[in-house]
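Q: All chains, full assembly: derive it from the sequences and hints.
In order, the protein sequence lines correspond to chains A and B. For the first sequence, position 250 matches number 250 in the numbering used here, and the numbering has no gaps at all. For the second sequence, position 40 matches number 40 in the numbering used here, and the numbering has no gaps at all.
It cannot be assumed that every hint is accurate.
Within a straight-line C-alpha distance of at most 25 angstroms, the following computed DSS-like cross-link-like pairs (lysine-lysine) qualify [to be verified]:
1. B:145 to A:55
2. B:9 to A:279
3. B:184 to B:126
Partial pick of chain B residues on the chain A-facing surface, computed with a CB cut under 7 angstroms [unchecked claim]:
4. 73
5. 83
6. 84
7. 85
8. 86
9. 111
10. 114
11. 120
No lab work stands behind these hints: they were computed from the structure. In this text, a Cβ means the ideal position worked out from N, Cα and C, and glycines have one as well.
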Amino acid sequence: MQIAKMNSPPPLSAPRTIQPPSFSPSRLLSQFWRLTEYWDLLLTLSLHRIRIRYKQSLLGGAWAVFQPLSLMIIYTIIFSKVARMPSEGAPYAIFVYVAMLPWNFFAASLTSASNSLVSHNTLITKVYFPWEVLPLSYLVATSIDFLIGVLVLIPLFVWFQMGVTLHVLWVIPLMALAAAFVFSLSMILATIQVYFRDIGLALPLLLQLWMFASPVVYPLSAVPERFQAWFVLNPMAGIVDGVRRCVLHGASPDFHSLRISLLTVLLLLPVAYGFFKHKEASMADVI
Amino acid sequence: MSTSILEFKGVAKRYTLRQESAPVNGLLARLRSKPVEYFWALRDINFSVQAGQALGIIGHNGAGKSTLLKILSGITSPTEGIISLRGRMAGLLEVGSGFHPELTGRENIFLSGTILGMRRSEIHRKLEEIVDFAEIRPFIDIPVKRYSSGMYVRLGFSIAVHQQLDILLLDEVLAVGDHAFQRKCIERVQVLKNSGVTILFISHDLKAVEQTCARVLLLDKGRIIYDGLPSEAIQAYQRSRGSHFGVRRTQGPPPVEVQRVAFLTEQNQHTDHGTTGEPLHVELLFHAHAPMDNLAFHLLFYGPDGNLATDLNTRTELLSVPEGTAAIRFVCDPLCLPLGLYQVDTIIERVGASDPVEHVLGCAHLPVLSPQPVQGSFQQPCSWRLEQQ
Numbered sequence: 001m002q003i004a005k006m007n008s009p010p011p012l013s014a015p016r017t018i019q020p021p022s023f024s025p026s027r028l029l030s031q032f033w034r035l036t037e038y039w040d041l042l043l044t045l046s047l048h049r050i051r052i053r054y055k056q057s058l059l060g061g062a063w064a065v066f067q068p069l070s071l072m073i074i075y076t077i078i079f080s081k082v083a084r085m086p087s088e089g090a091p092y093a094i095f096v097y098v099a100m101l102p103w104n105f106f107a108a109s110l111t112s113a114s115n116s117l118v119s120h121n122t123l124i125t126k127v128y129f130p131w132e133v134l135p136l137s138y139l140v141a142t143s144i145d146f147l148i149g150v151l152v153l154i155p156l157f158v159w160f161q162m163g164v165t166l167h168v169l170w171v172i173p174l175m176a177l178a179a180a181f182v183f184s185l186s187m188i189l190a191t192i193q194v195y196f197r198d199i200g201l202a203l204p205l206l207l208q209l210w211m212f213a214s215p216v217v218y219p220l221s222a223v224p225e226r227f228q229a230w231f232v233l234n235p236m237a238g239i240v241d242g243v244r245r246c247v248l249h250g251a252s253p254d255f256h257s258l259r260i261s262l263l264t265v266l267l268l269l270p271v272a273y274g275f276f277k278h279k280e281a282s283m284a285d286v287i
Numbered sequence: 001m002s003t004s005i006l007e008f009k010g011v012a013k014r015y016t017l018r019q020e021s022a023p024v025n026g027l028l029a030r031l032r033s034k035p036v037e038y039f040w041a042l043r044d045i046n047f048s049v050q051a052g053q054a055l056g057i058i059g060h061n062g063a064g065k066s067t068l069l070k071i072l073s074g075i076t077s078p079t080e081g082i083i084s085l086r087g088r089m090a091g092l093l094e095v096g097s098g099f100h101p102e103l104t105g106r107e108n109i110f111l112s113g114t115i116l117g118m119r120r121s122e123i124h125r126k127l128e129e130i131v132d133f134a135e136i137r138p139f140i141d142i143p144v145k146r147y148s149s150g151m152y153v154r155l156g157f158s159i160a161v162h163q164q165l166d167i168l169l170l171d172e173v174l175a176v177g178d179h180a181f182q183r184k185c186i187e188r189v190q191v192l193k194n195s196g197v198t199i200l201f202i203s204h205d206l207k208a209v210e211q212t213c214a215r216v217l218l219l220d221k222g223r224i225i226y227d228g229l230p231s232e233a234i235q236a237y238q239r240s241r242g243s244h245f246g247v248r249r250t251q252g253p254p255p256v257e258v259q260r261v262a263f264l265t266e267q268n269q270h271t272d273h274g275t276t277g278e279p280l281h282v283e284l285l286f287h288a289h290a291p292m293d294n295l296a297f298h299l300l301f302y303g304p305d306g307n308l309a310t311d312l313n314t315r316t317e318l319l320s321v322p323e324g325t326a327a328i329r330f331v332c333d334p335l336c337l338p339l340g341l342y343q344v345d346t347i348i349e350r351v352g353a354s355d356p357v358e359h360v361l362g363c364a365h366l367p368v369l370s371p372q373p374v375q376g377s378f379q380q381p382c383s384w385r386l387e388q389q
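A: The structure is reproduced here in structure tokens:
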């Protein structure tokens with residue numbers, strides 16, 4: 001008994017309180033900080049997401065390669081051979097593949113993360129942990145697919161005899177920005193879905209439209225000049241175009257559109273987090 | 001500084017009752033602000049717990065037990081009041097919550113453990129202990145969807161009680177597995193308690209509460225109506241249920257109608273409880289609106305765990321009843337049921353008909369007291385003698 005007591009970490013430190021929800025910035029910040037205690041949970045959940053996804057499937061992890069490659073081939077046939085889309089001098093296949101990497105990451109993680117609360121309703125009514133870990137874990141799991149997609153890019157570059165410059169490192173902050181954008185959006189959408197399941201039904205359609213509003217299958221430069229100012233208000237436009245510039249053209253991203261993306265995310269993240277925490281207090285009563 | 005590890009001050013929880021509407025009208029109905037109804041699941045809850053104490057919380061369904069635990073574990077927030085607590089707390093509202101059927105036992109230990117707030121390093125350290133306690137070593141690397149329900153709950157419980165914590169919340173979780181495992185669970189809780197862990201134990205299982213806790217709160221309609229010794233609380237709990245008549249399940253007026261179920265002693269005195277090992281008479285009063293034949297009468301006793309404990313019936317001989325009121329007396333000599341509160345349902349069936357003639361849930365409630373604790377599921381009457389060989 002004595003030993004058990006000595007083993008325990010210095011217990012009964014500062015008292016915590018549980019009280020009716022309050023949304024002062026300091027409380028939100030401390031909750032955000034508490035998220036670090038759940039790093040192990042995030043890691044475990046994300047690992048399991050990846051494991052579960054390909055369990056009992058014949059091809060397993062090969063799907064992560066097969067999916068983007070087949071889409072690349074389809075888009076190349078439609079938009080390059082049939083529709084004669086301009087591709088800024090690069091082979092169309094690689095032109096569209098490079099843009100599909102960030103876009104698929106965005107679409108796939110947003111879809112699964114927005115669904116994460118509803119799909120874990122039994123968990124949410126039984127045990128508490130900061131529930132934003134759920135959308136986050138989908139984000140991490142989708143990042144793995146993104147990394148696999150990047151690995152596939154290497155043989156493609158060799159095949160098309162293309163090179164990269166140091167500017168390729170821009171991909172890291174660009175993808176971090178995309179991840180923060182998905183996280184913010186998914187916290188809002190996942191919360192709304194707890195109340196109205198319409199989100200899950202509308203999202204695939206919305207993402208389809210959104211893809212065609214982003215420079216994925218066509219270059220940003222193909223957008224008429226007078227629309228471009230509006231066009232880059234879509235944060236994904238700046239991100240997708242930025243990734244293509246630094247990977248394909250060895251240039252730095254367009255800082256004007258990137259600034260808009262960054263500003264949007266910086267504004268959205270605290271709003272989304274506050275909204276999420278506000279609704280979290282009563283989510284289990286509704287779900 | 002007070003020595004309490006956990007303190008509730010004026011905690012209350014209000015739920016909003018909304019009318020469910022068809023999905024198409026859902027949004028419209030919500031926009032057209034209808035008068036909302038409120039329901040207070042908890043009111044004015046004040047208590048504090050000392051470190052190392054085991055506190056039992058009992059009450060009838062809907063008394064607010066689970067709401068209290070949900071607030072404490074952070075699943076839902078209180079409407080009023082404040083709770084202060086120190087140290088690490090983990091709750092187990094349902095064993096095996098957070099298990100994923102496709103993952104193996106080992107993977108689920110990590111999943112469920114981290115959901116409960118454990119570090120991966122801590123789980124690595126405790127893995128062997130968890131597996132041994134759950135008695136699932138040969139199955140540790142197969143998916144839990146292939147587990148028996150017993151293995152499932154054993155693993156769930158084992159994870160929960162092997163973490164380093166200061167406050168442990170248990171909701172009905174000891175009512176799992178077979179008797180041997182239940183005893184093991186209670187022993188484990190005892191060990192945790194002795195090592196200074198504070199335990200909040202919510203249960204319908206009065207026996208387990210009495211064995212585990214030195215102090216019991218009795219909740220009724222969201223308020224604490226008793227706070228003190230387990231034996232007193234359990235008696236108050238059993239009294240508070242009275243003998244109000246239950247819910248009729250049959251459609252339309254039954255041709256043979258149950259009017260009352262009463263409990264009597266051997267001396268024909270009405271009684272409000274039974275005692276294990278002593279005789280008890282149960283009287284079923286009914287009114288037949290027309291003569292009827294081929295009838296069988298059942299009194300179903302449901303135990304504290306919600307399972308059917310016994311079925312007293314007249315099936316050995318089919319009965320014909322004339323029009324009018326009559327009673328059937330069942331003589332239990334002795335009563336074999338162990339300590340607990342039993343709900344009595346009545347079914348009158350006509351042999352050959354698919355639906356019962358009469359079916360009433362909760363006609364009566366029978367508290368059973370046991371002067372000596374009953375080991376196992378019931379007290380088998382037996383005599384014994386010593387024989388020299």
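Q: Could you run down the list of hints and mark each one as holding or not?
A: Hint-by-hint comparison with the structure:
1. Restraint check: the Cα-Cα separation between residue 145 of chain B and residue 55 of chain A comes to about 13 angstroms, which is no more than 25 angstroms; the hinted pair holds.
2. Between the alpha carbons of residue 9 of chain B and residue 279 of chain A the distance comes to roughly 24 angstroms, so the proposed pair stays at or under 25 angstroms and holds.
3. The hinted pair formed by residue 184 of chain B and residue 126 of chain B meets the criterion: a straight-line CA distance of about 18 angstroms does not exceed 25 angstroms.
4. For residue 73 of chain B, the interface hint holds, the least distance from its beta-carbon to any beta-carbon of chain A being 5 angstroms, beneath 7 angstroms.
5. Hint on residue 83 of chain B holds. Least Cβ distance to chain A is approximately 4 angstroms, under the 7 angstroms limit.
6. This hint holds: residue 84 of chain B has a C-beta 5 angstroms from the nearest C-beta of chain A, less than the 7 angstroms allowed.
7. Taken as an interface hint, residue 85 of chain B checks out: its beta carbon lies about 6 angstroms from the nearest beta carbon of chain A, inside 7 angstroms.
8. With 7 angstroms as the threshold, the beta carbon of residue 86 of chain B comes within range of chain A, its nearest partner Cβ sitting at about 4 angstroms, so the hint holds.
9. Given hint, residue 111 of chain B at the interface with chain A, holds; its Cβ is 6 angstroms from that chain's nearest Cβ, closer than 7 angstroms.
10. The beta carbon of residue 114 of chain B is positioned within 7 angstroms of a beta carbon in chain A (closest approach about 4 angstroms), and the interface hint is therefore held.
11. Here the hint on residue 120 of chain B is kept, as its CB sits about 5 angstroms from the closest CB of chain A, short of 7 angstroms.
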